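Undergrad: Using the sequences and the accompanying hints, generate a full structural model.
Here the protein sequences line up with chains A and B, keeping their order.
Using the working numbering, you'd call the opening residue of the first sequence number 1 and step up by one each time.
Using the working numbering, you'd call the opening residue of the second sequence number 1001 and step up by one each time.
Calculated from the structure, these hints are not laboratory results.
Only a predicted model underlies this, so the values are computations on that prediction, with no experimental measurement involved.
Mixed in with the good hints, there may be bad ones.
Covered, in the sense of this in silico footprint (three residues per stretch, anywhere, with C-beta under 8 angstroms from a C-beta of chain B), are these stretches of chain A [said to hold, decoys possible]:
#1 59 to 72
#2 98 to 112
Computed from the model, here is a short list of chain B residues facing chain A with C-beta under 8 angstroms [said to hold, decoys possible]:
#3 Arg1016
#4 Ser1032
#5 Ala1185
FRET-style restraints, in silico, Cβ to Cβ [stated by the list, open to error]:
#6 B:Ala1157 <-> A:Ala139: 42 to 50 angstroms
#7 A:Ala72 <-> B:Thr1113: 37 to 45 angstroms
#8 A:Leu156 <-> B:Leu1117: 19 to 27 angstroms
#9 B:Gly1062 <-> A:Leu164: 35 to 43 angstroms
#10 B:Thr1144 <-> A:Phe14: 22 to 30 angstroms
#11 B:Gly1190 <-> A:Gly70: 46 to 54 angstroms
#12 B:Pro1039 <-> A:Gln105: 19 to 27 angstroms
#13 A:Arg7 <-> B:Arg1191: 39 to 47 angstroms
Every residue, glycine too, gets a C-beta built ideally from N, C-alpha and C.
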Amino acid sequence: MLLDLFREFAILAFVAFGGATALLPEMHRVVVEQHHWLDNTTFTHLYAIAQAAPGPNVLVVTLIGWQIAGLAGAAVATLAMCLPMSVLIYLLIDRWQGFAGRRWQQAISLGVAPLAVGLVFSGATLIAQAAAFGPAAWALVVLAGGLSLRTHWHPLWLIAGGALCGASGWV
Amino acid sequence: MENHQNAAAGSGSRPRPDLRALFFGFSSVGLSGFGGVLPFARRMLVEDKGWLSAEEFNTQLGLCQFLPGPNVINLAVVVGKRYGGLAGACVAPLGLLLGPFLIVLLLALAYDTWGELPRVQGLLRGIAAVGVGLLFAMAWRMATALKDKFLFLPFTALTVIAIAGLRWPLPWVMLAGLLAAGSLAYRRLGRRRD
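TA: Structure representation (structure tokens):
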């Protein structure tokens, strides 16, 4: 189990272009649909907890690991997500900097960008599906998205507002 | 050794953090970063400590974003290596992750204890709804920042269909998408140069 967990998340780390947020759809596919480690509801709950916690977004994998295999699972999932790329970056960064501005490097960053947009969008739709949002929740989605685009409010206030609406049973 | 030369070449009067400073500097970033850590990393590295100049930050971040993996952790490895070699490259990401890791574990414990309560479930639903709204907003912002939209937005649509619709595995979708979108970008870059 722990080995499976490590393998799955280490593979994820290598395709995490656009950061951990872009990985949500794949995490859902692997953890919920493929291995049945978690159900839809738990997955959305863990996503919500990670949203409300400080620190890098990647820590949603810590929560997933915890739910699947306790403390060892949390440690293994986090390490699998962070360690392999860190080692690679440590070894390659000096050479990499020499490539800065090359045509193929620019081409990859240009090419990755539209894919990353698609991944973030997919993550949003999949979480909405997994949580089986009703009309009230969708209204909150639209409100939060609109406020985020139109104002410079800190996301933490929106999250606190969402928590309040949810705890009062409106969503 | 070469890292030290790099750092010296960057600027003469740049402060040189030791391992302790690296650990606590990145800890403060990890613990203050709600809803995205990068702005806090920038404030610490560029404005508060002066470990990187604004330009250096942009270049380094560009390189880290170009590579897969969590960007902020990649950035911590790069800055840690530069100022503390191998030890620094271990200490900086550790500092970034340790505090938030412990907090998340506490929250997980709380979820195990109270997660079944309807009020808690409602609260998490509310947060998830706001989170989804923030994700849509983020996707919108990223999409409007794309260059050559008419060329590249179709790749966004194809990604959504493959990932959210057909639920194909991400590694293959990324590989195929990167080959297709990357080679298109490569050709356009060439044409622009001529």
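Undergrad: It remains to establish, for every hint, whether it holds in the given structure.
TA: Hint check results:
1. Coverage of the segment 59 to 72 of chain A by chain B holds. Counting CB-CB distances below 8 angstroms, 6 residues qualify, and the rule asks for three or more.
2. Evaluation of the coverage hint for the segment 98 to 112 of chain A: fulfilled, as 11 residues show C-beta separations to chain B shorter than 8 angstroms, against a requirement of three.
3. Because the beta carbon of Arg1016 of chain B sits about 19 angstroms from the nearest beta carbon in chain A, more than 8 angstroms, this interface hint is broken.
4. Among the interface hints, the one on Ser1032 of chain B holds; its C-beta lies about 7 angstroms from the nearest C-beta in chain A, closer than the 8 angstroms criterion.
5. Against a cut-off of 8 angstroms between C-beta atoms, the interface hint on Ala1185 of chain B holds, since the closest Cβ of chain A lies about 4 angstroms away.
6. A beta carbon spacing of about 26 angstroms between Ala1157 of chain B and Ala139 of chain A contradicts the range 42 to 50 angstroms that was offered as a hint.
7. For the pair Ala72 of chain A and Thr1113 of chain B, the beta carbons lie near 20 angstroms from each other, so the given range of 37 to 45 angstroms is not met.
8. Judged by the Cβ atoms, the range 19 to 27 angstroms given for Leu156 of chain A and Leu1117 of chain B holds: they are separated by roughly 23 angstroms.
9. For Gly1062 of chain B paired with Leu164 of chain A, a C-beta distance near 38 angstroms keeps the hint of 35 to 43 angstroms intact.
10. For the hinted restraint 22 to 30 angstroms between Thr1144 of chain B and Phe14 of chain A, the CB-CB distance of approximately 28 angstroms keeps it satisfied.
11. Checked against the given bound of 46 to 54 angstroms, the beta carbons of Gly1190 of chain B and Gly70 of chain A, roughly 53 angstroms apart, stay inside it.
12. Between Pro1039 of chain B and Gln105 of chain A, the C-beta spacing of about 25 angstroms keeps the proposed range 19 to 27 angstroms intact.
13. In this structure the hint that Arg7 of chain A and Arg1191 of chain B lie 39 to 47 angstroms apart at CB holds, the actual value being about 42 angstroms.
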